[in-house]
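Given next are the chains, with one letter for each unit.
Protein chains: 4
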Amino acid sequence: MTLSAKDVEGIIYNGLPAAGDAGVVVESVGGNRARVRFPFRGSMIRPGGTVSGPTMMSLADTAMYAAILGRLGGLEMAVTQNLNINFLSKPGQVDLIGEAEIIRLGRRSAVMEVRIYSEGSDEMVAHVTGTYALPGGKTG
Amino acid sequence: MTLSAKDVEGIIYNGLPAAGDAGVVVESVGGNRARVRFPFRGSMIRPGGTVSGPTMMSLADTAMYAAILGRLGGLEMAVTQNLNINFLSKPGQVDLIGEAEIIRLGRRSAVMEVRIYSEGSDEMVAHVTGTYALPGGKTG
Amino acid sequence: MTLSAKDVEGIIYNGLPAAGDAGVVVESVGGNRARVRFPFRGSMIRPGGTVSGPTMMSLADTAMYAAILGRLGGLEMAVTQNLNINFLSKPGQVDLIGEAEIIRLGRRSAVMEVRIYSEGSDEMVAHVTGTYALPGGKTG
Amino acid sequence: MTLSAKDVEGIIYNGLPAAGDAGVVVESVGGNRARVRFPFRGSMIRPGGTVSGPTMMSLADTAMYAAILGRLGGLEMAVTQNLNINFLSKPGQVDLIGEAEIIRLGRRSAVMEVRIYSEGSDEMVAHVTGTYALPGGKTG
Chain A
0 MTLSAKDVEG IIYNGLPAAG DAGVVVESVG GNRARVRFPF RGSMIRPGGT VSGPTMMSLA
60 DTAMYAAILG RLGGLEMAVT QNLNINFLSK PGQVDLIGEA EIIRLGRRSA VMEVRIYSEG
120 SDEMVAHVTG TYALPGGKTG
Chain B
0 MTLSAKDVEG IIYNGLPAAG DAGVVVESVG GNRARVRFPF RGSMIRPGGT VSGPTMMSLA
60 DTAMYAAILG RLGGLEMAVT QNLNINFLSK PGQVDLIGEA EIIRLGRRSA VMEVRIYSEG
120 SDEMVAHVTG TYALPGGKTG
Chain C
0 MTLSAKDVEG IIYNGLPAAG DAGVVVESVG GNRARVRFPF RGSMIRPGGT VSGPTMMSLA
60 DTAMYAAILG RLGGLEMAVT QNLNINFLSK PGQVDLIGEA EIIRLGRRSA VMEVRIYSEG
120 SDEMVAHVTG TYALPGGKTG
Chain D
0 MTLSAKDVEG IIYNGLPAAG DAGVVVESVG GNRARVRFPF RGSMIRPGGT VSGPTMMSLA
60 DTAMYAAILG RLGGLEMAVT QNLNINFLSK PGQVDLIGEA EIIRLGRRSA VMEVRIYSEG
120 SDEMVAHVTG TYALPGGKTG
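Line by line, the protein sequences are chains A, B, C and D.
The first sequence begins at 0 in numbering that gives the first Met the number 0 and counts up by one.
The second sequence begins at 0 in numbering that gives the first Met the number 0 and counts up by one.
The third sequence begins at 0 in numbering that gives the first Met the number 0 and counts up by one.
The fourth sequence begins at 0 in numbering that gives the first Met the number 0 and counts up by one.
It should be emphasised that the hints constitute simulated quantities derived from the structure, not laboratory data.
Positions of the beta carbon are idealized from the N, C-alpha and C atoms, including for glycine.
Check each hint, because a few of them may be wrong.
Pairs of lysine-lysine, DSBU-like flavour, derived with a Cα cap of 35 angstroms [to be verified]: (1) K89/C <-> K5/D; (2) K89/C <-> K89/A; (3) K5/C <-> K89/D; (4) K89/D <-> K89/C; (5) K89/D <-> K89/B; (6) K5/B <-> K89/A; (7) K89/A <-> K89/B; (8) K89/D <-> K5/D; (9) K89/B <-> K5/B; (10) K89/A <-> K5/A; (11) K5/A <-> K89/B; (12) K89/C <-> K5/C.
Among chain D residues calculated to face chain C with C-beta under 10 angstroms, some are [unchecked claim]: (13) T1; (14) S57; (15) T79.
Chain A extracted, bound-state conformation (with noise of 0.2 angstroms):
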């Protein structure tokens, strides 16, 4: 089974209503690739006038899940196992994008790489990596 961005971005609104609510987008799913927007919101800014570092966790997160159900189809149970973030620049007070690619398919886990920009500009803010559990095996 094959997901579109569309299809995959209810899932996550499904499991996740606050996405909804957030206006994620998930703007596309294929291969081993996702690519994840979060609208700017007041809410995200922190101390300094950047967007917080939680925010851009956030989408981390979100975008790696984006990547496994395009890549898997309907694997809502797969959860995070490690994540690790380094944090680049100061992100602008515009959208963030979130790309994400799954660099190593195993059958019990996945590890992926995701990197984070500000809208508009194609300086590095965030630089994450991570680990997905794939309950009773992947079924893709």
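Since the structure of chain A is already known, use the hints to place chains B, C and D on it.
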């Protein structure tokens, strides 16, 4: 200058109004430690009925920030450089507690460890290490 | 089956002859813990007169492996999935001690923490977390 | 000042005589990148017939250091602050190649990514991110 848990909570609420909306409680600060509570809310839930990863990452980041403020006093501009989280067990649908400890305080950065628990259980649900950059050198 | 520190050391020497050449000592195993010593050697030094990062990473990996063997018994095929290390302070030119603890033992993986010290000092020189995959489910 | 791959290799050999004994080759440096080869040796092997984790961590650290030296020139005192490695697939019993890239160069620190391959294969065997502290601010 020494800040009380209430002082630190006030600084966090000023900087992150969302923390106030969420009812975040800084329960204690002192020495190299801080203890922070995230009251349970339905919006924390993810598929499978467990508390979402980003909720735990946000708690970890807040607890590290509280430990820095408690130790150094009013250093609002400290920023997270790196955060690494391992998810260990499924949290209950109850309050989450984050216990942060500064394990290395340098002139330019601090390394911290956070242990996250579900209220009423002594099984750790997540383990976090992280680094904060200290602007212009520490003041405390 | 329960393995002694000497048993665990023997398994490590069999698998990694270099460990024997280096005089690695498994000082204790038990419960969820292991303590491993790397005797000081000139080849550990890096520019600046400090012990090299790879030496500390190797100690961390060995201590995690010892903790797994001590807890589960003879599981030679356990492999490291992830290791995250923060370097905290400059080690002295003395033996290095790694204290590993299993903080989560699942069916398919174990999460561990390692604290590294220089002999005779209680200031931590490095802090490590890591994950081991357990082949075919744990046996202990 | 710009250093050649051979210059960088010389600095590494001077600082870490063990690198010379092991025949480590700095194949290229330039821009934000460096490529380093660890020739295969029997002492790299761990149980299961695969190359040991510490060997890959050592390669990653060396490749990051080479990238820093190539970019900034002769900054021998740069030290690793954090290293995070995900092991992806079993390396062959052949040379290991580490390709490092500086993804963020700040005044006080650099964040890097390293991709590790077995000679002759394009399947990544390990993925690493790491941070180096730059003494006294960068010179390049």
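Status of each hint after checking the structure:
Taking the CA atoms of K89/C and K5/D, the gap is about 29 angstroms. The hint holds against a cut of 35 angstroms. A threshold of 35 angstroms between alpha carbons decides the hint, and for K89/C with K89/A the separation of about 30 angstroms falls inside it, so the pair holds. For the given pair, K5/C sits about 29 angstroms from K89/D by alpha-carbon distance, which is consistent with the 35 angstroms threshold. Restraint check for K89/D and K89/C: satisfied, since their Cα atoms lie roughly 33 angstroms apart, inside the 35 angstroms limit.
Annotation: proposed proximity of K89/D to K89/B holds, straight-line Cα distance about 30 angstroms (limit 35 angstroms). For the suggested pair K5/B and K89/A, the alpha carbons sit about 29 angstroms apart, so the restraint of at most 35 angstroms is met. About 33 angstroms separates the Cα atoms of K89/A and K89/B, which keeps this hinted pair within 35 angstroms; it holds. About 30 angstroms separates the Cα atoms of K89/D and K5/D, which keeps this hinted pair within 35 angstroms; it holds.
About 30 angstroms separates the Cα atoms of K89/B and K5/B, which keeps this hinted pair within 35 angstroms; it holds. A C-alpha spacing of about 30 angstroms is found between K89/A and K5/A, which places the hinted pair at or below 35 angstroms, so the restraint holds. Taken as a hint, the K5/A and K89/B pair is honoured in the structure, with Cα atoms around 29 angstroms apart against an allowance of 35 angstroms. With a C-alpha separation of about 30 angstroms, the suggested pair K89/C and K5/C falls inside the 35 angstroms cut-off, and the hint holds.
For T1/D, the interface hint is violated, the least distance from its beta-carbon to any beta-carbon of chain C being 20 angstroms, above 10 angstroms. Here the hint on S57/D is kept, as its CB sits about 4 angstroms from the closest CB of chain C, short of 10 angstroms. Annotation: T79/D was flagged as interfacial toward chain C, and the flag holds, the nearest CB pair being 5 angstroms apart, inside 10 angstroms.
Violated hint: 13 only; the structure is consistent with all others.
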